[in-house]
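Turn these sequences into a full structure, and let the hints guide you.
There are 2 protein chains.
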Amino acid sequence: MKFIIGKEDLLNGIRIVERATSQKAVQPVLYNILLETLENNQVRLSATDLVLTVITKVDAQVQEQGKITLPAKKINEIVSKLGNDLVTIEVEEGSTNVTITCQKSKFDIIGISASEFPQDVFNYEIDDTKCFDVELNPFLKGIKQAGFAAASYEVSNLLSGIVCEFNDGMLEIASTDGNRLARVREKLTSGIKEQTQLIIPSRTLNELLKMSSFIDEETVKICKDKSTIIFKSERILTISRLLEGQFPRYNQLIPSESPKKAVVNVSQLIAALERVSVMVNDKTSIVKMHFADNELTLTADTPEAGKSEDTIDIEYTDEELLIAFNYKFVLDALRIIESDEVIIGLNAPLSATVLKPNSEDDFICLIMPVQIR
Amino acid sequence: MKFIIGKEDLLNGIRIVERATSQKAVQPVLYNILLETLENNQVRLSATDLVLTVITKVDAQVQEQGKITLPAKKINEIVSKLGNDLVTIEVEEGSTNVTITCQKSKFDIIGISASEFPQDVFNYEIDDTKCFDVELNPFLKGIKQAGFAAASYEVSNLLSGIVCEFNDGMLEIASTDGNRLARVREKLTSGIKEQTQLIIPSRTLNELLKMSSFIDEETVKICKDKSTIIFKSERILTISRLLEGQFPRYNQLIPSESPKKAVVNVSQLIAALERVSVMVNDKTSIVKMHFADNELTLTADTPEAGKSEDTIDIEYTDEELLIAFNYKFVLDALRIIESDEVIIGLNAPLSATVLKPNSEDDFICLIMPVQIR
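Line by line, the protein sequences give chains A and B. Its first residue numbered 29, the first sequence is counted upward by one per residue in this note's numbering. Its first residue numbered 29, the second sequence is counted upward by one per residue in this note's numbering.
These are computed hints drawn from the structure, not numbers from a lab. Heads up, a few of these hints could be off.
If chains are identical, the list can't say which one is meant, so a pair holds when it fits in one copy or spans any two.
[Unchecked claim] Heads up, simulated BS3-like pairs for lysine-lysine below, C-alpha to C-alpha not over 30 Å straight-line: (1) K134 - K254; (2) K95 - K356; (3) K172 - K134; (4) K356 - K52; (5) K132 - K254; (6) K30 - K356; (7) K215 - K169; (8) K335 - K35; (9) K249 - K316; (10) K335 - K30.
Quick look at the structure:
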């Protein structure tokens, strides 16, 4: 194999696919990027952790066909330090000793044979009748808003997925880890007519978010092939296993009305939570919130260290209520809300509490309180 | 004890002294800051790790005299999150339960009695006949240039100190860890007439560097009291143990002339070293440098990963020489050099190599090569 490629083109390609390499692989080849020359003066770069696979194509001057895998970290480090010039990558057939040259720099890296790269991750079919277009920006915005509540368990757990439901111009995205739930609804100008629910691993969507700056188009194709989902743009294919099973019927959990309501300034509440949390017990992260008479008082304490208290003015005229939360869950939700004010819908000290922006945004976050003695 | 203090004043005071708190103390009080009210509406803040002590005074409205120690980390975290307003700090006599209030925020922190704070760190005397003035900027610049080579051993080792020698308007600063040596000489307009050599723990001088932005004056007083050194500015006292013993006669180690000389562009050499170091063996960090015929070729290798090579144009017409270094030592020296070019003075593969700027700066760095087979 031998090809000549622009340094920045190669570096972009590496940065796109390396997100899919494994963080802790059993097979060393999962730390590597597969480089393959194509017939039309292109090089294909692929990486996978067996759940998520990312493939991109880069223009190059191919002088000899071939393929090899190289450690993603090392090759990223090398290429990013090269001068901005043409880079030659060369390996003799049958060898795994790859030579990279650029100007007066030369590297010999020991790769792993392309034959060890898992081939079944390429076993997907793009059937255009199973594809539909999605505008990238509203989709990614929805992921940012409603994807944070997914559980950080291993990928086999359904709750580690983000539910994306397409339904005749509407998109609903939701996630929950059992303690909290986030849901956003948006209108799409493209999409799919028939109701389609996809449970996508949150890692997949988070990596898609991170690599989205490399996607030039406003619209990507989403294709489903059995238990696989494919995000297709001109240069990048993101292929991921789907999670299968019955996702909890989360919409049933969201109360339609809350008997008590507070309207709170978001940045004031964030600042107060950050202050009070200094004295939070690291094991429980509990902050107590006392709603009473247009005032919200936050308290936290740790037996050996001390306690903290903060009061902010709010709009609240309902009955007094003392309720406790893991303050990190409240902060996560508040930081997502783009409105100046949040409406907090309350019921009883152990009832799910609803946070939503005081705006037209169809975003809602549900947080389960913590029992306090 | 009760006093009222501006939030920013208090925060600055905390940030100045907290540098002296211990990172891993046996006595919990060494993590704490001692706060003491003074008669003249000031509060004194002190912290120590028993080697380095920093003391500062802050204006405050003292309503009740007293003293207490508070955990530096917690109090920094709390005060930095408070609104920019007056802060009240209060503790009842005999209690260690301190109340901090600001606007509608209130904290109760459990401190440690001031009586547990080590008192002997305050046992210094400032005898004006043993003090002399030093311009802060050239002194700190010298520390930055020639202090990096100190050993990072525990503070009891002489080589963990930085030698500062004052001699009739001249200042010489040097440090060495046995593998490398840095020395800078500067002219001072103030200083001390009689030759004075001080071996100051590098931690002390590095903390002084970091807190120097809080020192408003151009000149500080340096006072010696037995085995203690005191840096005195109007608001801040930095007190440190001196290291005692015979520092190696490092000037004898610096060759007056080198038989071979290369003139090398500093940024080109840094870039080449950074590239080549990708393939360095993590255990040895060895980069080989081959000087020959106006070219310098750098190579590195790790058996399992591969090898790297880079060539840059230099001025060199002497006999060929292959020499190897811990590349980190070379980078450290190059990054200090403020000139565009470095003069590398060479002798034999195992002789100390001299790096100095191709300028008027009286800075020199000596690096011991590594034996290669």
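message: Checking each numbered hint in turn, tell me which of them this model violates, lowest number first.
response: Failing hints, ascending: 1, 2, 3, 5, 6 and 9.
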